[in-house]
Amino acid sequence: MLLVASHQQKSQHGQAQRRFSLRLTQRNHGRRSLRAHFRMKLQGKRCTLNTNKNYPWISRCKWILLPATASPVIRMRLQGGQLALLLLLCGLQTPTGHAEVTIKVDFDLAPDSFDDQYQGCSKQVMEELSQGDYFTEEIDAHKHYFRVWHKAHLTWLSREKALPKNMTDTHAVALLVYTSNSQVRSDFATAMASAARSPQQYKRSFHFKYLHYYLTSAIQLLRTQLSTKSHTLCYEVHHGMKDIHFVANVGDTVRFGQFISTSLLREEAQKLGRKTLFTIFSCLGAPVQDFSLQKEVLIPPYELFEVVNTSYHPNGNWLQLQSTGNLSIYNCQLLKASSEKCIPTPIVIASLYFLATVIISSKSRV
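At position 14 of the sequence shown the residue is numbered 15 (the numbering used here), and the sequence of numbers has no breaks.
Treat the hints as calculated values from the structure; they're not laboratory data. We put the CB at the ideal spot given by N, CA and C, even for glycine. One thing to keep in mind: the hints can contain errors.
With a cut-off of at most 20 angstroms between alpha-carbon atoms, the simulated DMTMM-like pairs for lysine to aspartate or glutamate come out as follows [what the hints assert, rightly or not]:
1) Lys296 with Glu269
2) Lys204 with Glu138
3) Lys243 with Asp188
4) Lys272 with Asp253
5) Lys166 with Glu139
6) Lys152 with Asp291
7) Lys296 with Glu307
8) Lys152 with Glu138
9) Lys166 with Asp134
10) Lys152 with Asp141
11) Lys152 with Glu129
12) Lys144 with Asp134
13) Lys337 with Glu138
14) Lys204 with Glu269
15) Lys337 with Glu161
16) Lys204 with Glu268
17) Lys230 with Asp188
18) Lys243 with Glu269
19) Lys296 with Glu268
20) Lys296 with Glu237
21) Lys272 with Glu307
22) Lys337 with Asp188
23) Lys162 with Asp291
24) Lys166 with Asp291
25) Lys152 with Glu139
26) Lys204 with Glu128
27) Lys152 with Glu128
28) Lys243 with Glu268
29) Lys204 with Glu139
30) Lys337 with Asp134
31) Lys204 with Asp141
The calculated label-pair distances, taken between Cβ atoms and stated as ranges, are [stated by the list, open to error]:
32) Asp134 with Asn316: 44 to 54 angstroms
33) Leu155 with Asn250: 43 to 53 angstroms
34) Ile330 with Arg267: 26 to 36 angstroms
35) Thr311 with Glu128: 43 to 53 angstroms
Required output: the full structure, derived from the provided sequences and hints.
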């Protein structure tokens, strides 16, 4: 099910609102009519990203200081793959005291985070998403999710902006959904942090397959457009975190394992948090200011960085990261997961073969 509309529909904004209102009241008994309303023919083009380097997993320990109400210093050891979730939770925290908790983290490049780049299969994945019930399942799995997509869809219709080549309205709406709603970002990041523990975990428990593909594909298509116009493909951006002192060593290789919203303006990033400020030189992210209220660059979860500079102060830490390539454990996983349900059992294969033999034999007698 796809949330899209042609450019001709944008001139009929009022009619679209009335149709949405009618369908919203019939949602419990009219799911199929909604899906038919949103569905459109999609066209996609694969965008291949260049990998500068291939890095093995690097396991190191980092020290992180968090404000807490408890006065003693507590030591905790997080299991591998939990760093991405820790970054998210710390970014959402509110200061509650002046004491600090020391957390020791195994920093292993977020191996449990889902990092599919859909290389060589982007068009096929788009077709699978358009034909399946993936979006309906995501709506059913998340409270208020449908309302967020509905609002983002109407917002995009009202903007009447041209899209880059091969980019659909669904890409634009997905970017609006992610950049405009903090609850969606929180739920999505939590799911991302553990989605890749196994193919079965992804297939059964990752209820953001639709959003993940369209965000990933949107970044790649935006970068393709920039490359054709001889624009710069690397950006110096900033990302602030509150209530957490993040410490790394110069020379460390890191990966966030999440879609990271970064600002082109340092002062804007500092408003979001000063405990740790990242200055990031990203060469795989894409500017999304046409789909956001801020001058943002969205960094994909598979981009690798080297820590090239650090500065630590009582009031906050500063880390400078340099892009060094990309790393993905998964590729085209949605197609692999969907193909499993289409593989007939040996009994079925034998039955089909027997039936075909009977038919051919009958025709030959005639």
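Evaluation of the provided hints:
1. The straight-line distance between the Cα atoms of Lys296 and Glu269 is roughly 9 angstroms, inside the 20 angstroms bound, and the hint therefore holds.
2. Proximity of Lys204 to Glu138 is assessed by CA-CA distance (about 12 angstroms); at most 20 angstroms being required, the pair is judged to hold.
3. A hinted pair counts as satisfied when its Cα atoms are at most 20 angstroms apart, and Lys243 with Asp188 qualifies at roughly 19 angstroms.
4. Only pairs whose Cα atoms come within 20 angstroms are accepted, and Lys272 paired with Asp253 is rejected, the gap being roughly 27 angstroms.
5. At most 20 angstroms may separate the alpha-carbon atoms for a hinted pair to count; Lys166 and Glu139 exceed this at roughly 27 angstroms.
6. Distance check on the hinted pair: Lys152 and Asp291 sit about 17 angstroms apart at the alpha-carbon level, within 20 angstroms; holds.
7. A threshold of 20 angstroms between alpha carbons decides the hint, and for Lys296 with Glu307 the separation of about 24 angstroms lies outside it, so the pair is violated.
8. For the suggested pair Lys152 and Glu138, the alpha carbons sit about 19 angstroms apart, so the restraint of at most 20 angstroms is met.
9. For the hint linking Lys166 to Asp134, the alpha-carbon distance of about 26 angstroms lies beyond 20 angstroms, and the restraint is violated.
10. The suggested pairing of Lys152 with Asp141 holds, with an alpha-carbon distance near 17 angstroms, which does not exceed 20 angstroms.
11. At most 20 angstroms may separate the alpha-carbon atoms for a hinted pair to count; Lys152 and Glu129 exceed this at roughly 25 angstroms.
12. Restraint check for Lys144 and Asp134: satisfied, since their Cα atoms lie roughly 17 angstroms apart, inside the 20 angstroms limit.
13. Distance hint between Lys337 and Glu138 is fulfilled; the C-alpha atoms sit about 18 angstroms from each other, no more than 20 angstroms.
14. Between Lys204 and Glu269 the alpha-carbon distance is near 37 angstroms, which puts this suggested pair outside the 20 angstroms criterion.
15. Between Lys337 and Glu161 the alpha-carbon distance is near 37 angstroms, which puts this suggested pair outside the 20 angstroms criterion.
16. Taking the CA atoms of Lys204 and Glu268, the gap is about 40 angstroms. The hint is violated against a cut of 20 angstroms.
17. Among the hinted pairs, Lys230 with Asp188 is inconsistent with the structure: their alpha-carbon atoms are about 36 angstroms apart, more than 20 angstroms.
18. The suggested pairing of Lys243 with Glu269 holds, with an alpha-carbon distance near 13 angstroms, which does not exceed 20 angstroms.
19. With a C-alpha separation of about 12 angstroms, the suggested pairing of Lys296 with Glu268 holds against the 20 angstroms cut-off.
20. For the suggested pair Lys296 and Glu237, the alpha carbons sit about 12 angstroms apart, so the restraint of at most 20 angstroms is met.
21. Restraint check: the Cα-Cα separation between Lys272 and Glu307 comes to about 25 angstroms, which exceeds 20 angstroms; the hinted pair is violated.
22. Proximity of Lys337 to Asp188 is assessed by CA-CA distance (about 24 angstroms); at most 20 angstroms being required, the pair is judged violated.
23. For the hint linking Lys162 to Asp291, the alpha-carbon distance of about 8 angstroms falls within 20 angstroms, and the restraint holds.
24. With a CA separation close to 15 angstroms, the supplied pair Lys166 and Asp291 stays within the 20 angstroms bound.
25. With a CA separation close to 16 angstroms, the supplied pair Lys152 and Glu139 stays within the 20 angstroms bound.
26. A C-alpha spacing of about 18 angstroms is found between Lys204 and Glu128, which places the hinted pair at or below 20 angstroms, so the restraint holds.
27. Of the supplied pair hints, the one linking Lys152 and Glu128 is violated, its CA atoms being roughly 24 angstroms apart against a limit of 20 angstroms.
28. Taking the CA atoms of Lys243 and Glu268, the gap is near 14 angstroms; set against the 20 angstroms cutoff, the hint holds.
29. Taking the CA atoms of Lys204 and Glu139, the gap is near 13 angstroms; set against the 20 angstroms cutoff, the hint holds.
30. Note on Lys337 and Asp134: the hinted pairing holds, with a Cα-Cα distance of about 16 angstroms set against a maximum of 20 angstroms.
31. Between Lys204 and Asp141, the direct Cα distance comes to roughly 16 angstroms. Compliance with the 20 angstroms bound is thereby established for this hinted pair.
32. Roughly 50 angstroms separates the CB atoms of Asp134 and Asn316, a value that falls within the hinted 44 to 54 angstroms.
33. One distance hint, 43 to 53 angstroms for the beta-carbon pair Leu155 and Asn250, holds here, with the actual separation near 48 angstroms.
34. Between Ile330 and Arg267 the CB atoms are about 33 angstroms apart, so this pair conforms to the stated range of 26 to 36 angstroms.
35. Against the hinted window of 43 to 53 angstroms, the Cβ-Cβ separation of Thr311 and Glu128 comes to about 46 angstroms, which satisfies the hint.
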